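Which chain is which? The protein sequence lines are A and B, in order.
For the first sequence, this note's numbering begins at 1 and goes up steadily by one.
For the second sequence, this note's numbering begins at 1 and goes up steadily by one.
Just so you know, these hints were derived from the structure itself, not from any lab.
Since the model is a prediction, treat every value here as computed from it, not as a measurement.
Certain hints may be false.
As the list claims (entries may be wrong) - Listed below are several chain A residues computed to face chain B (Cβ distance under 10 Å; list not exhaustive): (1) Gly27; (2) Ile31; (3) Gln66; (4) Leu77; (5) Ile118; (6) Pro154; (7) Ser159; (8) Leu162; (9) Ser165.
We put the CB at the ideal spot given by N, CA and C, even for glycine.
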Amino acid sequence: MLFGLPYTNYVEYLAFLSVAGLTLLGGLGTIVARRVFPACLWLLVCLGGVAGLYALLAGHLLMAVQILVYAGAITVLIIFAVMLLQRHTGRIIMAENQHLIGGVLAAGFMATLILVGIFTTRYQPLAFGDTPATFAGDNVKLIGHLLLTKYLLPFEVVSVVLLASMIGALVLARQEPGENPGAAEAPEAESQP
Amino acid sequence: MSPVPLQAYLVVAGLLFAMGLFGVMTRRHAVAALLGIELMLNAANINLVAFSHYLSPNRAINTVLDGQVFVLMVIALAACEVAVGLAIILRLYRTMGVLNPDEASSMKW
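Could you build the full structure based on these sequences and the hints that come with them?
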């Protein structure tokens, strides 16, 4: 006991503060980094922090999925695209911020609105305030069960959407026959057969 | 026993959302603007999990996990969105030679 609270609470608060700080630091780095590649790396930091928040909220499967899919697949996809664009342009692409005043005003207004909403809402005393539900260990099995019973239709629809977007991305990014990959900024380059 | 309050998670998610909005509005590079969209999606995901963890009615395990299933769906759709978005950016660059979203405002080509 320390100041009337059990030690586990201090551990929880400490863990929350560190992962929340990591999340916000990563988010800040993502939006202010001057080049795109470091911004992707800052996004990785932010996604790791969000995975920690999921773990604190008893979402162990979500933590794993977040790291596997978001950090492992989506960020790598973005980094591939950045490298492809750099190969096309032949220079490092800067990503400075523009319209700073408008951006700060809009984001500040949004943040104020959200914070006022959070602190003026009267949450129904359903479970808030007492111990949140904890059922470590059974999460994965229960989520799998939910996905195949209650959420079976959305689950299947998501897979169709994934297939459609994959085909769409292939069609969009395909190189047209006779199209020179660097034609946009170097028209005098020799054309490929 | 007083665990971390719900509002703490909501504040983190709100700040993350505002950051993502700033990134989308101010970035000069389309891929960097896409990173801002990812931040906003993650903020919404934090909110879904936090609300279902703290405020689920009747404490049945099935309803407590609803938010987590939603987040799984959102992550799958985020993967779709990134794939199509990057393909559009690549196509935009090849056709018009621009990467700044502001310069690609023409609806006719």
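Verification of the hints:
1. Gly27: Hint holds; glycine 27 (chain A) Cβ to chain B Cβ min 4 Å, cut 10 Å.
2. Ile31: 4 Å, holds
3. Gln66: Constraint on glutamine 66 (chain A) satisfied, holds at 7 Å.
4. Leu77: 6 Å, holds
5. Ile118: 5 Å, holds
6. Pro154: 6 Å, holds
7. Ser159: Cβ of serine 159 (chain A) sits 8 Å from chain B, so the hint holds.
8. Leu162: This interface hint holds because 6 Å falls under the 10 Å limit.
9. Ser165: For serine 165 (chain A), the interface hint holds, since the closest Cβ of chain B sits about 4 Å away, which is under 10 Å.
Checked against the numbered hints above, the structure breaks none of them.
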